[in-house]
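S.K.: Sequential numbering of the sequence shown, starting at 1, is according to full-length UniProt numbering.
Because the hints were derived from the structure by calculation, they are not lab data. Computed from a prediction, not measured in an experiment: that's the story for all the values here. Careful: at least some of the hints might be erroneous.
Said to hold, decoys possible - In silico lysine-lysine, BS3-like type, Cα no more than 25 Å apart, as pairs:
hint	residue 1	residue 2
1	Lys-146	Lys-102
2	Lys-83	Lys-102
3	Lys-227	Lys-41
4	Lys-227	Lys-146
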Amino acid sequence: MPTTTDHLPNYKKYGELHFQLQGQPLKLNVYQNQELIKQPKYHTYLFIPFTDATTGQETYATGRYLDFSIPHSQDSVWLDFNKAYNPYCAYGDGYSCPIPPKENRLPVRIEAGVKTYEKQKLEAAGGMQMQESIAEFPGGLAALLKFMNSQFVMPPLARKAGVNGTVEFSFVVNQDGSLDEFQITKPLRADVDVAVLHAARQMPKWKPAMQNGKPVRFKYTMPFRIK
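Construct the entire structure; sequences and hints are all you get.
M.R.: And the structure:
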């Protein structure tokens, strides 16, 4: 599948979802990442990249994503656009994000889900400036996701309630790579939000962002999928 960089991840079409919205018959292709499914945690994980009539205006220009699991029922599934989220590319440069195929371009407006976004900026003398290079977790994005998944512990009551969705949080990477100012920017559920921040606070020092050849403070926003 094409991405915003030269990287070409191996996605296989798993199936199709047919539904009606705003009086129109619509279809979305569902994909499966052939590398990701090798991990036991993601062996049922499915991926739906899409664009709609809000793309590039009220929502991110590349499109939005939905996470999905292989359904138990073969006849019908619940498609919830309230859980649509932005790619990492919406929050900072340097990421490789799948580009929704033309088959997943919806001609209607999807008003639900994450809509607004803002590129990461640096807190530097003289105001906010775009970065020369963004702050980076040791080992990159894949290592960051692996770390968060290893540290996050689902609260028992949330697990019992079957809570799932996306928590978005932010923090500041200081000039020396240390982290502070953790906060939830898009909550899911109070006990889950606390658990996400606890996991995030265990992160080691990052490689700091650079501006004009010097390390600067950097505010990083990250969506974290709960399932």
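S.K.: Looking back at the numbered hints, which does the structure fail to meet, lowest number first?
M.R.: 1
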